[in-house]
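S.K.: Let's have the full structure, built from the sequences with the hints guiding it.
Number of protein chains: 2
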Amino acid sequence: MTTALKSIKQNARTIREKILKGQKPSMRLPVRALNNVRYKPSHGFFEITGKKKERTLTVGTVKTFAQTLRMMALSKDLIENDDIASKREAYYISKNWRDAGFKEQPESDTVIDDIEAMLGVNREQIGFIPEEKGGEVAGRLIVIDSDRDTGKPIKIDCTRFGSGAYSIPIAVEHLKFESKAKFVLAIETAGMFQRLVKHNYWKRTNCILISMGGVPTRACRRFIRRLSDSLNIPVYAFVDGDPYGICNIYRTLKVGSGNAAHLNKFFCVPQARFLGVTPQDILDYKLPTHELKAVDIKRAEDALKNDPFIRHYKAWQEALNQMLSLGQRVEQQAFAKHGLNYVIDTYLPEKLSDPKKFLP
Amino acid sequence: MTTALKSIKQNARTIREKILKGQKPSMRLPVRALNNVRYKPSHGFFEITGKKKERTLTVGTVKTFAQTLRMMALSKDLIENDDIASKREAYYISKNWRDAGFKEQPESDTVIDDIEAMLGVNREQIGFIPEEKGGEVAGRLIVIDSDRDTGKPIKIDCTRFGSGAYSIPIAVEHLKFESKAKFVLAIETAGMFQRLVKHNYWKRTNCILISMGGVPTRACRRFIRRLSDSLNIPVYAFVDGDPYGICNIYRTLKVGSGNAAHLNKFFCVPQARFLGVTPQDILDYKLPTHELKAVDIKRAEDALKNDPFIRHYKAWQEALNQMLSLGQRVEQQAFAKHGLNYVIDTYLPEKLSDPKKFLP
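Residue numbers (the working numbering), protein chains in the order written: chain A, 4 to 363; chain B, 4 to 363.
Nothing false has been slipped in among the hints.
In this list, chains with the same sequence are indistinguishable; a pair is considered to hold if it fits within one copy or across any two.
Below, computed lysine-lysine pairings styled on DSS-like, alpha-carbon distance capped at 30 angstroms:
(1) K206 to K179
(2) K340 to K289
(3) K301 to K317
(4) K90 to K268
(5) K183 to K158
(6) K155 to K183
(7) K185 to K354
(8) K155 to K179
(9) K296 to K66
(10) K185 to K158
(11) K206 to K90
(12) K317 to K354
(13) K289 to K90
Because the hints were derived from the structure by calculation, they are not lab data.
M.R.: Right, here's the structure in full:
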């Protein structure tokens, strides 16, 4: 039996026993908010701290209480039947719960988040999957999945996709990996990924290429995390050199996000490091740039002031301040000025010759 | 030599000869606009009609003229070296063209579109790829790609991905297919796709599942089109029952879009038919719905009034009018009300028992 299943049953049993004794049942849930978060670099992600809220069964809470129990029951069914439900589907299922039905999806999402935090697991482990997927893989990696009908293992060889790629499923907990790759290169744009795939870049450098397609989805982050943990190899991020690439895409990949702090333990990639594009690269490689917009400047200034991750690393403060004083941002595609494959033949080899210089 | 390459050389030669004779060189380009478009159901897509504009070399046009020639030269290089450039990269390359450099990407995009229309090919055939990708595949299909380094064919078996999928590359012209599937099911949401993949739905019905992830990208549409053409099997669309699903996602998949009419020949899937969710399904399956928003109503009314595709089919006018009079829209996930796998066990089998009833 999975830990999640045990935990659901244990929680349900406690509540049942209280009711049978004529006592008021209650649940204890971690407070999910930025003021209940800390960043410890030795742990490597935004962590939820001790604050808890108690939900006791009263006239005022009866509906939420019932909804939470029904959602736990649904989760139990999902785990036992090896099935999945998207958050949207979970909302629609409740339409059959009569008085306990949800009016709007944000209500059911909140209850799922509460259960996730209460059980200390991630949503995918209790059968709920996000609506969106994302993340493609090519290179020196064999993914081991299994056939639902036969239970037999399926080996997926990511060197055998030609110009295509392996699309990461929405839930990745069950996957296993085999690889002798030396690192994972996590790439922001589909266009740059396609260039590196087209030229079999993974062969040259013995690596695994992953396209994040902007801010990586939960499944994509979890996939990279499990990959890096199980193969014990580093992850290098290659994103646009702008405040969004650094403070949103890279920061979320590495330490998680503030408003989902109860999950970051699972969805962060603390071993990630920032290959580029850095503000210094603009100067070193004479790259064409764009002026920072007001929204870029605001994002960088906010991060310097409020983001516990940026505030922890002097190197990041210096890099963001350099970007602000240059007043310029730069894109991954900018290397094309020097020839389409300059990025493959010159930039990446030069950078990869000394990963110790990567930003933290 | 590819047709595109021949055509580039032929065009360049004509211009060169005119210059050598001391005459003013010119190019003839189709007018790309909605008022130069028609819909013939026998052809199956929005077609560009005869109007052409002539771009003659004068003091006023010298920059655009030079840019068009340089872009044609870049395209020639790309084809000859079997390389690709995203539209963004093409823009950055021009930063080395001195006076002929583009100031903003929309300028270079327009020139690429002009060349595409002039040569009567699609952008991918002349080496330019879109920035975004999209589209995942699972089921009874073998995709045949080739290894860039060895030239050897690579067979990609889409039944062997477990819970994952094959991610469609940005350019798909070179792919070949092997399959004994009976149809392609093109699905709007990643969540529904994941459900059907998780339950090996393609095994039960001998089909190919494709996730479009909203309005399908060019690569995704072209992939479905080539698949359906080469295997000679029908394509069934399974999208949300709302004006966006019908008038944007499905309409674009089937006949293309108005503002890219010079391309629809390549990027439409005339053999597509609409499985659901139809407004009638709301009643037949007692589905939970949402009220139409103002934007939904406007979209449906616009389509009834202006969209040549909708205006051609009485069945679509009736369906949209039924939706407007119900005042309701419905999502793919709504079947979950009757149980998570109702869609697999009941809805899809009932629908697929009579594809002749599908909307056109």
